[in-house]
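Engineer: Protein chains in written order, with the working numbering: chain A, 1 to 113; chain B, 1 to 114.
Rather than coming from a laboratory, the hints here were simulated on the basis of the structure.
The reader is advised that the hints may include incorrect statements.
The calculated DSS-like cross-link candidates involving lysine-lysine, where the alpha carbons are at most 30 Å apart (straight line), are [to be verified]:
hint : chain 1 : residue 1 : chain 2 : residue 2
1    : A       : K71       : B       : K42
2    : B       : K5        : A       : K70
3    : B       : K42       : A       : K14
4    : B       : K58       : A       : K57
5    : A       : K9        : B       : K71
6    : A       : K57       : A       : K71
7    : B       : K71       : A       : K57
8    : A       : K57       : B       : K15
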Amino acid sequence: NAGVTQTPKFRVLKTGQSMTLLCAQDMNHEYMYWYRQDPGMGLRLIHYSVGEGTTAKGEVPDGYNVSRLKKQNFLLGLESAAPSQTSVYFCASSVQGIYTEAFFGQGTRLTVV
Amino acid sequence: QQQVKQSPQSLIVQKGGIPIINCAYENTAFDYFPWYQQFPGKGPALLIAIRPDVSEKKEGRFTISFNKSAKQFSLHIMDSQPGDSATYFCAASLVGGSARQLTFGSGTQLTVLP
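Given only the sequences and the hints, what does the whole structure look like? Please build it.
Structural biologist: The structure is reproduced here in structure tokens:
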């Protein structure tokens with residue numbers, strides 16, 4: 001049982017380049033999330049999805065786009081990367097409900113030079 | 001705007017010590033308070049969680065203390081071990097928009113010396 005899988009694990013981009021981060025979960029979870037983790041800032045929610053075909057903005061959505069065409073996949077796109085987007089990105093998924101656990105992937109370390 | 005404030009930023013204890021990590025929140029709409037543990041190179045994983053209708057919850061060596069009136073909660077690790085060395089995040093959850101969302105504290109890097 002793989003849980004939540006993120007690809008790629010590492011990436012270096014030049015300023016202005018674009019890329020897509022892929023998140024796949026095999027737990028049949030309705031909810032999926034993208035977070036970024038920066039030193040001293042904890043994890044901050046970028047975008048989230050409550051089901052196939054739906055997306056919504058989180059705390060820090062600017063510069064990112066997302067899509068959830070299939071229930072098991074949640075894509076995070078950077079159209080024109082900036083150095084401020086250098087971070088570790090985590091995808092998570094959870095079932096619906098009040099007291100539910102979020103399951104995280106292992107993260108993608110992105111450096112924008 | 002940081003809705004969940006966590007301290008200390010780092011903590012070093014000897015094996016067997018009792019590290020305490022504190023969190024404070026502002027929004028009284030939060031109704032679920034989990035703690036996540038993160039090892040280097042890994043994603044966070046749920047450690048223990050508490051609801052605001054109880055003041056304490058224990059799971060093994062880990063205890064959450066919750067003070068609703070003060071809007072504070074803390075994690076205690078009894079008989080700490082070197083394997084507990086990790087980054088710990090407190091979080092608070094509420095329904096925002098169309099989904100339940102987690103707001104994380106800034107994290108505490110715990111080192112347990114052998």
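Engineer: Please go over all the hints and tell whether each is borne out by the structure.
Structural biologist: To see whether the hints hold, each was checked on the structure:
1. Only pairs whose Cα atoms come within 30 Å are accepted, and K71 of chain A paired with K42 of chain B is accepted, the gap being roughly 24 Å.
2. Restraint check for K5 of chain B and K70 of chain A: the C-alpha separation of about 36 Å exceeds 30 Å, so the hint is violated.
3. With a C-alpha separation of about 25 Å, the suggested pair K42 of chain B and K14 of chain A falls inside the 30 Å cut-off, and the hint holds.
4. For a cut-off of 30 Å, the pair hint linking K58 of chain B to K57 of chain A is broken: about 35 Å separates their Cα positions.
5. Proposed proximity of K9 of chain A and K71 of chain B is contradicted: the alpha carbons are some 37 Å apart, above 30 Å.
6. Under the criterion of a C-alpha separation no larger than 30 Å, the hint pairing K57 of chain A with K71 of chain A is consistent with the structure, at around 18 Å.
7. Of the pairs offered as hints, the one joining K71 of chain B and K57 of chain A holds, with about 27 Å between alpha carbons and a cut-off of 30 Å not exceeded.
8. About 43 Å separates the Cα atoms of K57 of chain A and K15 of chain B, which puts this hinted pair outside 30 Å; it is violated.
When the structure is compared with the earlier hints, violations turn up for hints 2, 4, 5 and 8 and for no others.
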